[in-house]
Amino acid sequence: DTGVSQDPRHKITKRGQNVTFRCDPISEHNRLYWYRQTLGQGPEFLTYFQNEAQLEKSRLLSDRFSAERPKGSFSTLEIQRTEQGDSAMYLCASSFPGGYGYTFGSGTRLTVV
Amino acid sequence: AQTVTQSQPEMSVQEAETVTLSCTYDTSENNYYLFWYKQPPSRQMILVIRQEAYKQQNATENRFSVNFQKAAKSFSLKISDSQLGDTAMYFCAFIRETGANNLFFGTGTRLTVIP
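Those protein sequences? They're chains A and B, same order as listed. Using the working numbering, read the first sequence as starting at 1 and increasing by one per residue. Using the working numbering, read the second sequence as starting at 1001 and increasing by one per residue.
These are computed hints drawn from the structure, not numbers from a lab. A portion of the hints provided could be inaccurate.
Simulated DEER-style distance windows between Cβ atoms [stated by the list, open to error]:
#1 Tyr100/A / Asp1081/B: 26 to 36 Å
#2 Pro1115/B / Asn30/A: 37 to 47 Å
#3 Glu1017/B / Pro70/A: 49 to 59 Å
Using 25 Å as the maximum straight-line C-alpha spacing, the simulated DMTMM-like pairs for lysine to aspartate or glutamate come out as follows [unchecked claim]:
#4 Lys14/A / Glu68/A
#5 Lys57/A / Asp7/A
#6 Lys1070/B / Glu1015/B
#7 Lys57/A / Glu68/A
#8 Lys1073/B / Glu1052/B
#9 Lys1078/B / Glu1015/B
#10 Lys57/A / Glu1029/B
#11 Lys57/A / Asp1026/B
#12 Lys1073/B / Glu1015/B
#13 Lys57/A / Glu1097/B
#14 Lys1055/B / Glu1015/B
#15 Lys1073/B / Glu44/A
For every residue, glycine included, the Cβ atom is placed at its ideal position computed from N, Cα and C.
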């Protein structure tokens, strides 16, 4: 297992388009998290899954955002009708339950033009 | 609600010297964990060190050690013998022991190691 993988690394899209990002977690981890990081800030929690169940969503996750984790394996994060304010780094992480900390992926940098 | 505060946006240190990064947090929880993460320019977040709140002994990992003051809600990171590869953003983070285990991050400290 080579860690948490995210695809694509970079995405440039026009305002109003839909985008989808993929995250492949460490296979033994049953928890998967999505975070958003804007320039000069720390990552902010968006949502998390335990296995295939999405158990919590942040208020940051507007109705234009949707995340899935079918079969408790990889996860996708879709943003519909992108806006310039969506430009950010989207980080995925996975973990065991408890206070072990996360393993992060390299992130997907989204630029909305 | 949990908050994490890093009051030093930027710091620099000479190679081989020691530097301390500050972090304070606020929580009503009694059981939690604290972390320092490093984010180099290549951007992948890497776990540096972890501290359990119920342990009085400060965590150490090679050149990295923490000063955990639970009553003061303070959690500083000391980097000894600084190396050029330590240049990165450093984030302090908090997690509850139970529940969603969401990591709450500070705003980060940009550390530059000067040759």
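Each hint tested on the structure:
1. The beta-carbon spacing between Tyr100/A and Asp1081/B, approximately 27 Å, falls within the hinted interval of 26 to 36 Å.
2. Look at Pro1115/B against Asn30/A: about 44 Å separates their beta carbons, and that is inside 37 to 47 Å.
3. A beta carbon spacing of about 50 Å between Glu1017/B and Pro70/A agrees with the range 49 to 59 Å that was offered as a hint.
4. The straight-line distance between the Cα atoms of Lys14/A and Glu68/A is roughly 23 Å, inside the 25 Å bound, and the hint therefore holds.
5. With a CA separation close to 22 Å, the supplied pair Lys57/A and Asp7/A stays within the 25 Å bound.
6. This hinted pair does not check out: Lys1070/B and Glu1015/B have alpha carbons roughly 31 Å apart, beyond 25 Å.
7. A threshold of 25 Å between alpha carbons decides the hint, and for Lys57/A with Glu68/A the separation of about 12 Å falls inside it, so the pair holds.
8. Note on Lys1073/B and Glu1052/B: the hinted pairing holds, with a Cα-Cα distance of about 13 Å set against a maximum of 25 Å.
9. A threshold of 25 Å between alpha carbons decides the hint, and for Lys1078/B with Glu1015/B the separation of about 14 Å falls inside it, so the pair holds.
10. For the hint linking Lys57/A to Glu1029/B, the alpha-carbon distance of about 21 Å falls within 25 Å, and the restraint holds.
11. Taken as a hint, the Lys57/A and Asp1026/B pair is honoured in the structure, with Cα atoms around 22 Å apart against an allowance of 25 Å.
12. Between Lys1073/B and Glu1015/B the CA atoms are separated by roughly 30 Å; this puts the pair beyond 25 Å, and the hint is violated.
13. The straight-line distance between the Cα atoms of Lys57/A and Glu1097/B is roughly 19 Å, inside the 25 Å bound, and the hint therefore holds.
14. A C-alpha spacing of about 32 Å is found between Lys1055/B and Glu1015/B, which places the hinted pair above 25 Å, so the restraint is violated.
15. Restraint check: the Cα-Cα separation between Lys1073/B and Glu44/A comes to about 21 Å, which is no more than 25 Å; the hinted pair holds.
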